[in-house]
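From first to last, the protein sequence lines are chains U and W.
The opening position of the first sequence corresponds to residue 32 in the numbering used here, with each subsequent residue numbered one higher.
The opening position of the second sequence corresponds to residue 36 in the numbering used here, with each subsequent residue numbered one higher.
Please keep in mind that the hints were generated in silico from the structure rather than gathered at the bench.
Don't be surprised by glycine CBs; every beta carbon is placed ideally from N, CA and C.
Check before you lean on any hint, since a few could be wrong.
[As the list claims (entries may be wrong)] Once the Cα atoms are required to be at most 25 Å apart in a straight line, the calculated DMTMM-like pairs of lysine to aspartate or glutamate come out as:
#1 K358/W to E247/U
#2 K176/U to E332/W
#3 K49/W to E253/W
#4 K176/U to E344/W
#5 K40/U to E253/W
#6 K40/U to E344/W
#7 K288/U to D296/W
#8 K121/W to E321/W
#9 K284/U to E297/W
#10 K284/U to D296/W
#11 K154/U to E281/U
#12 K191/U to E321/W
#13 K176/U to D322/W
#14 K164/U to E344/W
#15 K191/U to D296/W
#16 K358/W to E280/U
[Unchecked claim] In silico negatives: residues of chain W with every beta carbon more than 12 Å from chain U:
#17 V83
#18 Q95
#19 P126
#20 S143
#21 Y182
#22 Q184
#23 D187
#24 D258
#25 G274
#26 T309
#27 E321
#28 G350
#29 S352
#30 F376
[As the list claims (entries may be wrong)] Which residues of chain W face chain U? A partial, calculated answer using Cβ under 7 Å:
#31 Y99
#32 A102
#33 D106
#34 A108
#35 P116
#36 S306
#37 T393
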Amino acid sequence: MATHSKRPKLAVWKFASCDGCQLSLLDCEDELLAVSEAVEIAYFAEASRAMQKGPYDISLVEGSITTPHDAERIHQIRRSSRVLITIGACATAGGIQALRNFKNVKEFTRTVYAHPEYIDTLKTSTPISHHVKVDFELRGCPINKAQLLEVIEALLHGRKPNTPAHSVCMECKLAGTVCVMVAHGTPCLGPVTHAGCDALCPRYNRGCFGCYGPKESPNTHALAAEWQRLGAQLRTIRHAFRNFNAWAEEFRKESEKHEP
Amino acid sequence: METVPKAPVVIAEKALHTLVCELQSAGYRVIGPTLRDQAIIYDEIDSVADLPQGWTDEQQPGSYRVAKRPDMALFGYTVGPHSWKKFLHPPRLRLWQASRTGNEVSFSHDETPSQKYAFLGVRSCELHAIAIQDQVFLQAGHEDVGYRQRRDDSFIIALNCSEAGGTCFCASMKTGPQATNSFDLALTELLSEDRHEFLVEIGSQAGADLMHGIASREASAGDLETAEKLLAQTAANMGRHLDTQGLKERLQENPEHRRWDEVAARCLSCSNCTLVCPTCFCTSVEDTADLAGDTAERWRRWDSCFNGEFSYIHGGSVRSSTKSRYRQWLTHKLAHWVDQFGSSGCVGCGRCISWCPTGIDITEEAAAIGSAASPPEDAS
Ligand code: SF4
Ligand code: SF4
Ligand code: SF4
Chain U
32 MATHSKRPKL AVWKFASCDG CQLSLLDCED ELLAVSEAVE IAYFAEASRA
82 MQKGPYDISL VEGSITTPHD AERIHQIRRS SRVLITIGAC ATAGGIQALR
132 NFKNVKEFTR TVYAHPEYID TLKTSTPISH HVKVDFELRG CPINKAQLLE
182 VIEALLHGRK PNTPAHSVCM ECKLAGTVCV MVAHGTPCLG PVTHAGCDAL
232 CPRYNRGCFG CYGPKESPNT HALAAEWQRL GAQLRTIRHA FRNFNAWAEE
282 FRKESEKHEP
Chain W
36 METVPKAPVV IAEKALHTLV CELQSAGYRV IGPTLRDQAI IYDEIDSVAD
86 LPQGWTDEQQ PGSYRVAKRP DMALFGYTVG PHSWKKFLHP PRLRLWQASR
136 TGNEVSFSHD ETPSQKYAFL GVRSCELHAI AIQDQVFLQA GHEDVGYRQR
186 RDDSFIIALN CSEAGGTCFC ASMKTGPQAT NSFDLALTEL LSEDRHEFLV
236 EIGSQAGADL MHGIASREAS AGDLETAEKL LAQTAANMGR HLDTQGLKER
286 LQENPEHRRW DEVAARCLSC SNCTLVCPTC FCTSVEDTAD LAGDTAERWR
336 RWDSCFNGEF SYIHGGSVRS STKSRYRQWL THKLAHWVDQ FGSSGCVGCG
386 RCISWCPTGI DITEEAAAIG SAASPPEDAS
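Extracted from the complex, chain W is given alone in its bound form:
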């Protein structure tokens, strides 16, 4: 996506509705936040009416609750249990099919569906997470064709966060709260007693084209200042913090820290943290066939380093203890990832903290393990 610097504009709340309609008539399935089963998840929306207007979320380690807001904000919450990887890197995907006639076996790929997604409300941490998965799946020489297609076909409407959640720490990871990565459009919700508007930044030609059809006015210096203040406030109110200075080395130097045992005593090896993480990309493949053995299929599905079978090689699992699995996860995410991909694997979205059933907090664990100089604090 090339960057097309265009002056930011302001649109009325109602114009967001038009924007969604325009995307739909351009053939996009619009995916956005919506309320289901007492959580704000990502799914297809028909219109702005499907957004969780007037709702917020309260997040703490191991706890997530939706609640009513005193205002009618459309985006007055942070990230929930889903991430955009659900669409770009689907949980289950058929890779190929094979069929046998006599002694002939033929293979066929599934045509990559020409499904175009428009993602509405992509947070800055999420843009970074998508960029990280791009690096994984679009590596020269091993490009994932389906991912490439889904990625090229997606239209991204980013959202600058007006509030930080209880488990957010993007400010520490330098991945937010302001959307600066590639996006087509970026919104900032400007809401007060007497106004409900959106500041719209334009990040691509496709974004500019879409905005042609939408009533807007040029953003004033005052609008930009309001947005800037909002973002500064969000950055100053992160629920969590992680000191990343020298973190990679501090973690890599402490494979035998006693904190690994302490966290393993609380860890369920349930894999929730990895599956909600927007950067975790691991999968397994499963083969199936029909009873007669005439047709077979190969499927790819999300897997997790917390599962014993994940590290199974001939004779057993390499990581049989929960301690070794947790250590693998945390050190890969925050340390070895840097060696492998040149950045941290964590974008500070806080999902793994909120959605861990026992409330294990990656910022707390990393801080404790990375502070070998002083004796580790008691876990209890």
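In isolation and in its complexed conformation, chain U is listed as follows:
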């Protein structure tokens, strides 16, 4: 494979995250060989100890910014990357750890750590785009590996990836899934959530949890009103919007409307 000397160099970076999204790349078992033929995996700590120096053609960034050190590091990565793509809800919206943004993080460190004075952390967990320019954001908690391959392939061939920003309802209806909200009275976040999972939860008779964050022009207010009609408590609605994508603006604002 050393013959592919002009393969673009790919790097995978980790910030505050669970590693699930990077693992989606390793999860591409059948396609991994094709990926490594199409790009040179130059830096991927999770997969290999061989770490090449930059600059890199493509950087996939997982995780959110939660420490002063990381807030510095992301700038270095941006400087050494031609194209920077964030993968997953942490990198794109701040992740579940952005729940700290609604509270005082000092209180947490005092409760959790024996020596909180050693903890050097920011007050907030923020998406990569709050710090540097991001070229493309891939949604999901975790991301869908088929979408990751689609993004890499589209990038290699210079076209826009097919990762539509429409609702999860679209995916439900394309698959012929029966709507859990209308037919079962189960509250579902699908109508305000960005597609990408192929309506995984509704296909198993569960309401959508909103893993892919807000769709384009989401009407969270009307959906919350509908949830209430279905009997959801304010607390349930607040928690639903305050999840993996809690700090995504539209979800954050809706959750704040349902504060006690």
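Given the structure of chain U, go ahead and fit chain W with the ligands onto it with the hints provided.
Using the frame of chain U, we list chain W with the ligands on its own:
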């Protein structure tokens, strides 16, 4: 499909089973209503036993529930979340493939599958919806070859509705409840304490041929009268109503009605209404390739005017607000469609009302927007 006027006949409930078997041995995949995930959907059935016998549905804006019936009717419900467009105009369809060898690129079409469908239980509104999609896809000069094939290969067993649903308004749209369009056979379920039979009307030679193998008797005047009464009752019990008199003009004259803002406040722009609608036909195409760039495919998939990307042109979406998307949908369906195709785009099936997660009711919205003379009522 040419109309072959043949005297209607009556068959026993059991004979319906034979009818399904005959279709299967003639090479058809028989598609009919069946119960899944607490809804009556359309899918392949192996036999009459797969039909939701003894079940009904209760439909209201934003709500659909299946329930047990007091009787053993085979077709005692109305339309569900699926429509026949799922088969005739599939949600995803590969249009072509391309492959590259060296500097050569070659393209190939998918062979249209020789899949023949027999649709069992096609309601009158649905026959009208199919006729509307025929107009779209079979326009002279731009015929969709695959659609033509699927359509020509389909065998249609229509069903006269013995009951109207809570969101039905075909009577207003003059599209039902009696099946009068082209069909091969049309059934009316005749069910009472002491009988369970079907009145069968024959609408084509293929229908007549199929009936040769089925035990039947000539329909009596009494049978026809029973069926007629049933249909009159259904027509009189529509869950919804829409005044179509001058509706096109009334809607086209009111692009700035404040009701558009009110409905937009409730609309999720989720696209459910358009995808369940049996006449909505819009699609997008998506290209994919393999990582090496040696093979590529073009796919067509259902799209919706409620999606921002749908109206994207260089620089942004033409319809960025939900208000403009809802207005586009409703006025196209009920008004501009008339200019474009010569009929309304709505057949009054009520799906968009039942399957809208916030229960937005097209009959209510059209009535409010079309009544500009009086101030619009409050939305709340
Ligand atoms: S189940 Fe949820 S995602 Fe699917 S159509 Fe219904 S509301 Fe939309
Ligand atoms: S607009 Fe609504 S009622 Fe009319 S045909 Fe479409 S889904 Fe049925
Ligand atoms: S009218 Fe109802 S189903 Fe249609 S896009 Fe709006 S909320 Fe969704």
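Open item on the list: Are any of the numbered hints broken by this structure? If so, which, sorted upward?
Closed with: As far as the earlier hints go, 5, 6, 15, 18, 19, 26, 27, 29, 32, 33, 34 are violated by this structure, in ascending order.
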